[in-house]
Amino acid sequence: MAKRDVIWDSESRSKTSPDSGIEKMMKIRFKDPQLPPEQNLREKYININGTVFQAITAARDAFNIPEVVPIALLFKGRRMNPSNSLSSYGIEENAILMIVPDQIKGG
Amino acid sequence: MDSDIPSSRFDRQERLSLWDQKLIEKITVLVVGVGGTGSEVCKNLSLLGIGKLILVDVDSIEYSNLNRQMLFSKEDIGQNKAEVAKVRILHHFNPELEVEVFPFYVQEIPDKTFESVDVIAGCVDNYLARQFLNSIAIEHRIPLIDSATDGYLGQVQSIIPFQTACLACDNPPPPQETQVLMEPCSIVGVPRSREHCAWKALYEFNTLFNRKPNETEKDLEKLTQLANEYTERYNFGKFERKELLQLIMFHVPSLITVNAVTSGIQTQEIIKTIFSIKRRELRKSERLALQQLETLTRFKIPSLSIYSALTGTLNTFDLVQDPECTVCGNMSNLTQKIEKIKINKKNSLKTIINGFSEKFNKEFIAFKGNSVLQEDRSLESLLRDGDRITLSSKEDEQEFRVRITFTPPRKQRKKE
Ligand SMILES: [Zn+2]
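Chains F and B supply the protein sequences, listed in that same order. The first sequence: position 6 = 6 (the working numbering), numbered continuously. The second sequence: position 272 = 272 (the working numbering), numbered continuously.
Please keep in mind that the hints were generated in silico from the structure rather than gathered at the bench. Every value quoted in this text rests on a predicted model; they were computed, and no experiment measured them. The beta-carbon is built from N, C-alpha and C at its ideal position, and this holds for glycine as well. Please note: incorrect hints may appear among the correct ones.
[Unchecked claim] Part of the chain F face toward chain B, derived, beta carbon under 7 Å: (1) P33; (2) P37; (3) L41; (4) N81; (5) G106.
[Stated by the list, open to error] Here are the simulated PhoX-like pairs of lysine-lysine, each with C-alpha atoms no more than 25 Å apart in a straight line: (6) B:K272 / F:K76; (7) F:K76 / B:K74; (8) B:K300 / F:K31.
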């Protein structure tokens, strides 16, 4: 999925896509707890009907995290699966999604 | 003897509030994986005075382990990690410790072993072993404290079965190299990126030789050749062997500092888990007193701790169970009643499968953990006495959990 699935700023919030008509956007907040408290929260607008994968892309953009660094998002104690929809986790406007490193597997 | 001199080697830790040395000395911990974090966990637990360690590792000691696996030295190269670890632990750290060793894959440990285990320390280096261990922990209701490292990052997840999230909750996608081997369909067609060429090469290697590539000149040569056939055909940059090795082999970068911090956190969570096991045996008044002390000391077992050596941060998170989890959720078959079968170990697995097929009029397939068992093999070559297997219908969702007990061999009658 490409970045165009996510709309970044308020001006383009009325952008339409061919299959879903007008995309409804919501503001969510990403938190990267590895950063100091005054820098670790950033906002993004994302498609209300989007997937977790789209949210991950938005999180990368918000914090400039390159694609080679695997990350996951936590919401209310759930590690969200990228292929699920955001709504399946009950994510609403202003939700805080926590960014954590993913795929740590060595022993 | 001067009465001011401490009489116990554990004197300094026994001074701590909440500490219970006698309890620690009664506990058995199963350590699966005696590598970077595993050897540190073994050192920590034996110095803390744990009662018994059961060590599991199929791997042999390699030269590249010696930067961090302090139980091993050059003369041990080629020997089994678990076996050498036992010798070193008894010699250097705690000669009174009871140590049992299984130089096998975790999937091959007899199920009976788990009955005596209080806590599992997961120190494995790959997704499939970790998921297997998770299902074992849930099935036997044993707390699993699992660790993993990757370069500057380390994490510890504490799984209290049916209370906190397990490692299968929310169906975490496997890492790419595991995906390639598990679901080759994900890499069919035209490679969409340079990495894709590498995954296709890995899959092709696996198909050609029916095994994963080893860290040898010959295998790497072949793998690079296969990958570069794709990069050339689809106009991506050529792979150097070193890059390919890092991208698709199972070895992640490892640092002793990160291993030490991670295994330190892991060991500490194991000890705290042991203390919380204790609560079950307490009388009500004692339990209340302990609860008060825990509140006062802010005692807590976080589900997930992540350490970054680059930022120097340690963050903890609470993870909750996924109700749909196939291992610990509502759909799990691990809460199902276990059928018991007594059978001669010389029989093939097919005897059992056929029995179920006839009874339910459908075809079944047998699993132990997440690996499929070959039905034409003898039971004794696949299982140990008391092992549990799952029989899963090929046609629908029906599943049975079965415990196999071997009948003693028949004695020949002397008189007729
Ligand atoms: Zn689960």
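How the hints compare with the structure:
With its C-beta approaching chain B no nearer than about 4 Å, P33 (chain F) sits inside the 7 Å limit, and its interface hint holds. This hint is violated: P37 (chain F) has a C-beta 11 Å from the nearest C-beta of chain B, more than the 7 Å allowed. Checking L41 (chain F) against chain B by beta carbon gives a least distance of about 14 Å; that is not within 7 Å, so the hint is violated. Taking 7 Å as the C-beta contact cut-off toward chain B, the hint placing N81 (chain F) at the interface holds, the least distance being around 5 Å.
Look at G106 (chain F): its Cβ gets to within about 4 Å of chain B, closer than 7 Å, so that hint holds up. About 24 Å separates the Cα atoms of K272 (chain B) and K76 (chain F), which keeps this hinted pair within 25 Å; it holds. Taken as a hint, the K76 (chain F) and K74 (chain B) pair is broken in the structure, with Cα atoms around 47 Å apart against an allowance of 25 Å. Distance hint between K300 (chain B) and K31 (chain F) is fulfilled; the C-alpha atoms sit about 23 Å from each other, no more than 25 Å.
In this structure, the earlier hints numbered 2, 3 and 7 are contradicted, and the remaining ones agree with it.
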